[in-house]
Amino acid sequence: MIEAQQPADPGAPALEVRRLRKEYRRGVPVLRDLSITFANRGITAVIGPSGTGKSTLIRCINRLVEPTAGEILFHGQDIAKLRGRALREARRRIGMVFQEYNLVERLTVMENVLSGRLGYVPPVKAWLRKYPQADIDAAFELLDTVGLIEYANQRADALSGGQRQRVGIARAVMQQPELLLADEPTSSLDPKTSVEIMELMVSIAERRRIPVILNIHNVPLARRFATRIIGMSGGSIVYDGPTAGLSDERLKQIYGGEDWLE
Amino acid sequence: MTAATPARQPAFLPNWPARLAWLALAAYALYAASLLDVTWERFVLGIENAIKFIGRMVPPETDASKMQLMMRGLYETIEIAVISSALGILLSLPIGLLASRNLMPTWITWPMRLFIALCRSFHQVIVAIIFVKAVGFGALAGILALIVASIGFIAKLLAEAIEEISLKQVEAIRATGAPFMNVIIYGVMPQVLTRFVGFATYQFDSNLRNSTMVGIVGAGGIGGTMFAAFQKFDYDFLLTILLAIIALIMVSEALQNQIKRLYQ
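From first to last, the protein sequence lines are chains F and B. For the first sequence, our numbering begins at 55 and goes up steadily by one. For the second sequence, our numbering begins at 215 and goes up steadily by one.
Derived by calculation from the structure, the hints in this document are not laboratory data. Be aware that a few hints might be false.
Only pairs whose alpha carbons sit at most 27 Å apart, straight line, appear in this in silico BS3-like list of lysine-lysine [stated by the list, open to error]:
1. B:347 / B:446
2. B:382 / F:246
3. B:446 / B:280
4. B:474 / B:370
5. B:474 / F:179
6. F:184 / B:382
7. F:184 / B:474
8. B:446 / B:266
9. B:382 / F:135
10. B:266 / B:280
11. F:179 / B:382
Here are a few chain F residues that face chain B, going by a calculated C-beta distance under 8 Å [as the list claims (entries may be wrong)]:
12. 122
13. 169
14. 230
Ideal placement from N, C-alpha and C gives every residue a C-beta, glycine not left out.
Could you build the full structure based on these sequences and the hints that come with them?
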């Protein structure tokens with residue numbers, strides 16, 4: 055199996071966000087000059103009420119959303135300034151898992167997993183499905199890991215939600231990413247499947263030694279799986295620390311009110 | 215019942231503008247019909263003429279030299295339909311893609327949409343007349359005319375289909391760092407492929423029918439033979455040709471169903 059490429063200095067931070075600002079409408083910031091450093095290991099969960107910019111933060115990191123101002127240093131390289139090929143080359147090093155899986159419905163499971171290699175395979179070869187044998191072997195191995203090897207030739211729209219998210223994870227890991235982003239990966243899933251998906255993601259990330267940044271609505275799930283929690287409210291960070299330090303008092307501060315706490 | 219029923223709005227509001235529009239349409243249709251001078255006498259005379267005409271058509275011509283003439287026309291018709299469909303489909307792919315407003319900037323979609331609109335502006339026969347003037351009599355003029363028609367239809371519908379795709383799937387492919395062409399091949403085309411095949415087979419059917427017609431203006435195919443038979447009052451040969459065209463369309467229909475089944 056292909057292992058994730060590790061940067062020269064494992065102690066250096068994987069990602070440094072500096073004064074990141076995003077305004078969809080001029081003068082109405084969704085992210086208010088965030089500065090966060092992410093280590094090269096560990097699971098970071100971003101929690102906070104809806105509309106507080108969690109998704110925008112995740113999407114700014116791989117530039118699916120254009121930041122208004124600030125720096126996003128990924129292993130020292132400022133992603134916010136990249137364009138064209140350089141941006142695509144940075145994107146291939148960052149895997150992403152989506153809330154609604156975002157699989158290409160009409161393609162097979164195998165094609166979806168291999169699409170994680172589309173940053174490397176030229177168009178004609180991709181169109182003719184002429185992937186390097188190493189990629190195909192890696193894809194089968196990953197499908198085995200996520201427990202879907204017998205579904206390889208099924209179309210993605212034939213799968214259940216949990217199965218689709220497994221394919222989504224396999225696609226992201228297929229990139230051999232140095233960072234895994236997950237935008238509400240369990241919000242469309244039932245509680246049991248949510249736990250299974252989190253377990254899968256965490257175990258793959260640990261085995262491949264890649265850091266994970268995910269935003270998540272489910273606080274118990276965040277507590278159970280994350281090593282670090284970032285609490286956001288109104289586009290700013292109101293808590294940043296180890297999971298153990300997240301008290302009810304802090305949660306009240308993040309979400310406001312206390313009736314929902316039991 | 216409660217004592218004080220609250221003042222209610224009507225459950226269904228009448229749509230007066232639409233009612234007036236329907237009324238106006240009906241009135242105009244009646245007025246236009248009165249202008250056409252359709253009378254019972256004309257109708258009866260018409261039926262008599264039709265019976266005479268059909269009587270002269272049967273039995274259909276089966277003379278070997280005539281059959282040979284017809285087959286030559288039919289082959290040319292099929293040739294026109296296949297070549298114009300193949301090239302039309304191939305050209306429609308990039309044009310439709312460039313015309314889709316959710317993937318392309320305005321300065322590309324605008325001229326592309328204008329071009330598509332131009333292709334759709336005139337009936338195939340009119341386009342065929344222009345090409346007959348440009349490249350001379352024969353199948354080439356018919357092929358060019360039907361390529362224009364194919365682009366007008368397929369590229370327009372393809373652009374519309376692309377504008378309706380799920381951008382989430384496209385976003386996921388972009389997030390892998392895929393270059394633009396890979397995003398198109400994996401994120402866009404799978405989402406529109408079945409519909410594209412539907413448009414393409416429909417246009418092939420349409421081209422086949424239209425390629426029997428462009429011959430009337432000298433752009434090749436069975437149409438020329440058919441028109442000549444008409445003018446020479448060779449009505450039994452005309453019936454043979456009509457039956458052959460019907461058979462051709464039915465074969466094409468069966469073929470289309472097979473193709474669509476391949477791409478579900």
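Okay, the hints, checked on the actual structure:
no.: 1; hint: B:347 / B:446; in the structure: holds, 25 Å
no.: 2; hint: B:382 / F:246; in the structure: holds, 25 Å
no.: 3; hint: B:446 / B:280; in the structure: holds, 13 Å
no.: 4; hint: B:474 / B:370; in the structure: holds, 20 Å
no.: 5; hint: B:474 / F:179; in the structure: holds, 26 Å
no.: 6; hint: F:184 / B:382; in the structure: holds, 25 Å
no.: 7; hint: F:184 / B:474; in the structure: holds, 26 Å
no.: 8; hint: B:446 / B:266; in the structure: holds, 16 Å
no.: 9; hint: B:382 / F:135; in the structure: holds, 24 Å
no.: 10; hint: B:266 / B:280; in the structure: holds, 23 Å
no.: 11; hint: F:179 / B:382; in the structure: holds, 24 Å
no.: 12; hint: 122; in the structure: violated, 20 Å
no.: 13; hint: 169; in the structure: holds, 5 Å
no.: 14; hint: 230; in the structure: violated, 11 Å
Comparing the model with each earlier hint shows violations of hints 12, 14; every other hint is respected.
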